Amino acid sequence: MALAALEVTSLSYCYGQGASALHDISFRLAPGDRVALLGPNGAGKSTLLWCLVGVLRAQGTIVVDGTVLGPGTAAEIRAKLGLAFAEPEDQLFMPTVRRDVTFGPLAAGVGSEEASRAAEEAIGSVGLPAETLERAAYELSSGERRRAALASILVMDPLLLALDEPTNSLDARGRASLAGILLQLPCAQLVATHDLEFARALCARALVLVDGELVADTPMDALLSDTNGLQRYGLTAPLRTDDG
Amino acid sequence: MPHHLDLYVKRESALHRLDPRAKMLAAMGFVAAVLLVPTRPAWPTGALLLLLIGAAVLARLPARLVCRRMLSLVVVIGMPFLLSRLGGEATRAAGEQFAARSLLVAAAFLVLLASTRAVVLLEVAEHLPLVSVFGQLGEFILRGADLLTEEVVRTNRAWVLRAPSATLKVRLTGLTQASMSLLARAAARSERVGAAMVLRGFQSKLPMATPTPLSWSHLLAGLLFALISLGLAGVVRWR
Chain A
1 MALAALEVTS
11 LSYCYGQGAS
21 ALHDISFRLA
31 PGDRVALLGP
41 NGAGKSTLLW
51 CLVGVLRAQG
61 TIVVDGTVLG
71 PGTAAEIRAK
81 LGLAFAEPED
91 QLFMPTVRRD
101 VTFGPLAAGV
111 GSEEASRAAE
121 EAIGSVGLPA
131 ETLERAAYEL
141 SSGERRRAAL
151 ASILVMDPLL
161 LALDEPTNSL
171 DARGRASLAG
181 ILLQLPCAQL
191 VATHDLEFAR
201 ALCARALVLV
211 DGELVADTPM
221 DALLSDTNGL
231 QRYGLTAPLR
241 TDDG
Chain B
1 MPHHLDLYVK
11 RESALHRLDP
21 RAKMLAAMGF
31 VAAVLLVPTR
41 PAWPTGALLL
51 LLIGAAVLAR
61 LPARLVCRRM
71 LSLVVVIGMP
81 FLLSRLGGEA
91 TRAAGEQFAA
101 RSLLVAAAFL
111 VLLASTRAVV
121 LLEVAEHLPL
131 VSVFGQLGEF
141 ILRGADLLTE
151 EVVRTNRAWV
161 LRAPSATLKV
171 RLTGLTQASM
181 SLLARAAARS
191 ERVGAAMVLR
201 GFQSKLPMAT
211 PTPLSWSHLL
221 AGLLFALISL
231 GLAGVVRWR
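Chains A and B supply the protein sequences, listed in that same order. So the first sequence is numbered by my numbering: it starts at 1 and just counts up by one. So the second sequence is numbered by my numbering: it starts at 1 and just counts up by one.
Keep in mind the hints are simulated off the structure, nothing from the lab. Nothing here was measured: the structure is a model prediction, and the numbers come from that model. The beta carbon of each residue, even a glycine, is placed where N, CA and C say it ideally should be. Be aware that a few hints might be false.
[Claimed, not checked] Selected chain B positions facing chain A (Cβ under 8 angstroms, derived; list incomplete): (1) L52; (2) A184; (3) A187; (4) R189; (5) R192; (6) A195; (7) P207.
[Said to hold, decoys possible] Label-pair restraints from in silico Cβ distances: (8) B/V131 <-> A/P219: 21 to 27 angstroms; (9) B/A184 <-> A/G18: 31 to 37 angstroms; (10) A/G42 <-> B/G194: 19 to 25 angstroms; (11) B/R60 <-> A/N41: 51 to 57 angstroms.
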């Protein structure tokens, strides 16, 4: 069997007060897979993503491209797994977009010119003009911020991309444009969202989390055609059912 | 304006194009000259003022904008100056010296900040020994101020919408109360920003791009301005 991009086994996580947020989660993503992580608000989608990058320490095993997440391997895992936050504001913490996008490469010891070139490529890959690099994050629209934050992750050339509610505050055009960008990326993607229309446009497979438990690992089409199942999971089918 | 805290004025001018490091060198020379020249007689201070006005003209800064910005400084600096007028001769002389030097130094920085983006100056500071940490802190402050300003504007709008007829006093009270929740939100955000930095490989120092070499022509321009200022101070002191 080929090396998985991500393999999660028996993952559990409890918050400080002992409340269980994730319980015995196991799944696998092959290289290049695009998988939707679905569930209603509070299901544990974001918590799972934070566990994957080792910011939250969970029980169980997380393996990214053959590297087991542990105290000594967190940096290696984070170089392979890029996480796009729900709020892009939090990932744009420097005064200019260029400083944000070159942050990762420079921190990894890449030379200034190469980092700058990589930043220009990354910003282009998310459909933003190179001039965006010189702008301040607050000058950008919600959609541009989302893309700039994505560029700051893509510049690191991750093997696996995890996105937390990527369609937050995006209009229909912004969602379609983001889906177009993500569809062109060769890396595996785990897309945590409650936007089923977006998930359907992007992913062929869905993982459904409800109250911290993985209740379904199913093809997206099968999930969307199961109205009762959707209702049971607290999800609402998209209004349109064509491929547009 | 690129940042809320930025005083940059976008213009096509020779001073705007000058390398920020050369401008900082010129500014440092100018400030040293201001501190060296006595304020009595007044002509050396006047000559330095003319030099600065020349720089402002070179930067094509609108006179009205410069005056408006200077006005707020005049209020701050004017108070101790006025108080000094109540004292004896020595106190009055000290008050004049303080006012003249403060105004010239403040005006020099005003011209520097109006012709150079704050973020560029901070990046230069990042590479300087001793002040590097302030440059890094400044970058976070610049970004943080943008976020805080937006939050305050949103909070104020929310207050206005919820209580359209509220007096300014009520609104200010509301903003003060809301500032506590702003602080809580800022703390929560700083945790997420910390995570974002760590996820991108941050260890203990902000990664910096290697600066490009400073060209001779720019260095000479900065040096020339600094030397003219210092030369003037030297002539006055020597006489």
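Is it true that B/V131 and A/P219 lie within 21 to 27 angstroms of each other by Cβ? Since the Cβ atoms of B/V131 and A/P219 sit about 58 angstroms apart, the hinted range of 21 to 27 angstroms is violated.
Could one say that the CB atoms of A/G42 and B/G194 fall in the range 19 to 25 angstroms? Because 24 angstroms falls inside the window, the suggested range holds.
Checking hints one by one. Is B/A195 an interface residue toward chain A, by the C-beta closer than 8 angstroms rule? Check passed: Cβ of B/A195 comes within 5 angstroms of chain A, closer than 8 angstroms.
Status of the given 31 to 37 angstroms range, CB of A/G18 versus CB of B/A184: Taking Cβ atoms as reference, B/A184 and A/G18 lie about 24 angstroms apart, which means the hint is violated.
Can you verify the interface hint for B/P207: is its Cβ closer than 8 angstroms to any Cβ in chain A? Constraint on B/P207 satisfied, holds at 3 angstroms.
When the nearest CB of chain A is found for B/R192, is that gap smaller than 8 angstroms? 4 angstroms, holds
Does B/L52 meet its interface restraint, that is, does its C-beta lie within less than 8 angstroms of any C-beta in chain A? Interface hint status for B/L52: violated (27 angstroms vs cutoff 8 angstroms).
Agreement of hint B/A187 with chain A interface, Cβ distance less than 8 angstroms: Check failed: Cβ of B/A187 comes no nearer than 13 angstroms to chain A, outside 8 angstroms.
Holds or violated: is there a CB of chain A closer than 8 angstroms to the CB of B/R189? It holds, given that the least Cβ distance between B/R189 and chain A is near 6 angstroms, below 8 angstroms.
Does B/A184 pass the interface check with chain A, least Cβ-Cβ distance below 8 angstroms? 15 angstroms, violated
Assuming the hint says 51 to 57 angstroms, is it satisfied by the Cβ distance from B/R60 to A/N41 or not? With a Cβ separation near 54 angstroms, B/R60 and A/N41 satisfy 51 to 57 angstroms, so the hint holds.
Hints 1, 2, 3, 8, 9, counting from the list given before, are not met by this structure.
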